[in-house]
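Asks: Sequence:
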Amino acid sequence: MKAKKFLSILLAVLMLMAAFTACGGKEDKNSSSAADSTKSSKTESSAPDASDAGEGPEEAAEITIMMDGDNTPNATNLVLDKLGEMTNTKINMIYTPTDDAATKRSTMAASDTLPDMFRVINVVTEAQEYADAGLIYNLAGLEDKAPNWFKNAGELLNQVPANKDGAIYYVPDGQLGYAYNLNIRTDWLNNLNMEMPTNLDELYDVYYAFTNNDPDGNGKKDTFGLATDSDPRSFDSIFGAYGIPANKNNIVLDDGTVSIYTKHPNYLEAIKYIRRLINDGLVEPDWLTIPPMDKFGKMWNGVAGAMEFQCVGPTNNWMPGRYTEEVTPTFGFAVIEGPDGSKGVSPQFANITGGWCIAARTENIDACLRVADFCCTDEGNDLLYLGVEDVMFKWIDRDNGEYEYLGEYTDGTKQRAEGGFCYSWLCPPAVNCEMRCFNAQTREGVDLAHENMITEGGFRPAPPLLAAAGPGRVP
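Per mature numbering (1 follows the signal peptide of the UniProt record, and there is no 0): the sequence shown = residues -22 to -1, 1 to 453.
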């Protein structure tokens, strides 16, 4: 009886101690600290010291991340599992189509249900509105918890309008955007005994031949010249041949006024040329409505012979797994000169309009910062871009950026279904895995595009893009 009575008392004491511990370790949601709209002083509750009671490692914190893209990764996949393992987190990923992302963020902001981490593109208005409403976390003072992430942003932090008076609400990626190339199939040119076009007349002839002269030699009329969609940069080199930086809203006109690209004096001439391509059936027939991935599919399936897009896709990322033809296509890059000698493509700059915020409502700020910091390292970005090492890919020569995909993951669709590439813009380093692993042709194409950016009218070229990147990869 005494033993039973002792055990009952001991059990009661232990339960009472556990209750006090739980109350002391949990933040009071009604306290003045929790009511602070910016939550700049809020930190994640520290885990119990395992040495005190022989407990195991800290339990993984659960966070939700919202990303957008045009891929379709599985809801649970190898890459997310590995990312969670490396950062001691359980990650719930909301992956939404890019076209729906802004609307979804606005809806969540209105109901104060923003995910723990999310990307914002409109840094001038959207990020500022969220900061003013107290919806995003002020990260000032937490730089030592994510040193790689904050160092990567560097001085760009001070250029963000929302980051005023010493606050840090928004952390820009700082990446240099890729300028576009006019990617043209050289195997089709060879089949038709044609040369790479250098002016608008020659370009029309190439698109005409790609559409009407059976460039793939299958005896069918099942191809066309240019893969396009409704993005004006689908015709970037054509606009450039008339001196127009397509889709730019701050060009300086001849009279010194600042306006949008559609006000350029040569705009109607460019449109006349583009209309001729469309009316003659030399471009994607559904160009006005086709989704980006379907446009890419016209290249992958051997339907289109050219596309205005960063060469990183056609000559690097899509090689060879995305292409369905028996013989992998080959590409070259055309620079098209216009009637007055103009040429070029739209300029790109160090990115402050793409970056990341952490919601003020998060209960796991330390976990968010761990994820951001790991993703901003070479190791983390390699995981997000290539997949799980020795499962989805292996390094041939890491220092030189040479790798190969393994087994079923040589199929780009399967690689992305398991999370490869799909999350590679989650808090990325400025010189990311993609850049470090370019093959030689892609490096040349990226540099060519940047050399040909239209920089008149107040534009400034980006710094050398590949100064810190490695020389190649094994497809």
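Just so you know, the hints here were simulated from the structure itself, not pulled from any lab data.
Any given hint might turn out to be false.
[Stated by the list, open to error] Listed next, with one range per pair, are the computed distances between beta-carbon atoms:
(1) Ala111 to Pro243: 41 to 51 Å
(2) Ala418 to Asp209: 25 to 35 Å
(3) Met64 to Asp272: 33 to 43 Å
(4) Glu303 to Asp90: 21 to 31 Å
(5) Asp200 to Asn136: 52 to 62 Å
(6) Lys392 to Thr76: 36 to 46 Å
(7) Pro243 to Asn190: 29 to 39 Å
(8) Thr76 to Glu303: 23 to 33 Å
(9) Thr76 to Val281: 17 to 27 Å
Beta carbons: idealized from backbone N, C-alpha and C, even for Gly.
Asks: Hint by hint, note whether the structure agrees.
Replies: Results for each hint:
1. Ala111 to Pro243: 41 to 51 Å: holds (42 Å)
2. Ala418 to Asp209: 25 to 35 Å: holds (28 Å)
3. Met64 to Asp272: 33 to 43 Å: This hint holds: roughly 35 Å between Cβ atoms.
4. Glu303 to Asp90: 21 to 31 Å: For Asp90 against Glu303, whose Cβ atoms are near 50 Å apart, the range 21 to 31 Å is violated.
5. Asp200 to Asn136: 52 to 62 Å: Hint holds: Cβ distance 54 Å, inside 52 to 62 Å.
6. Lys392 to Thr76: 36 to 46 Å: violated (22 Å)
7. Pro243 to Asn190: 29 to 39 Å: Given a distance of about 34 Å, which is inside 29 to 39 Å, the answer is holds.
8. Thr76 to Glu303: 23 to 33 Å: holds (28 Å)
9. Thr76 to Val281: 17 to 27 Å: Holds - the Cβ-Cβ distance for Thr76 and Val281, about 23 Å, lies within 17 to 27 Å.
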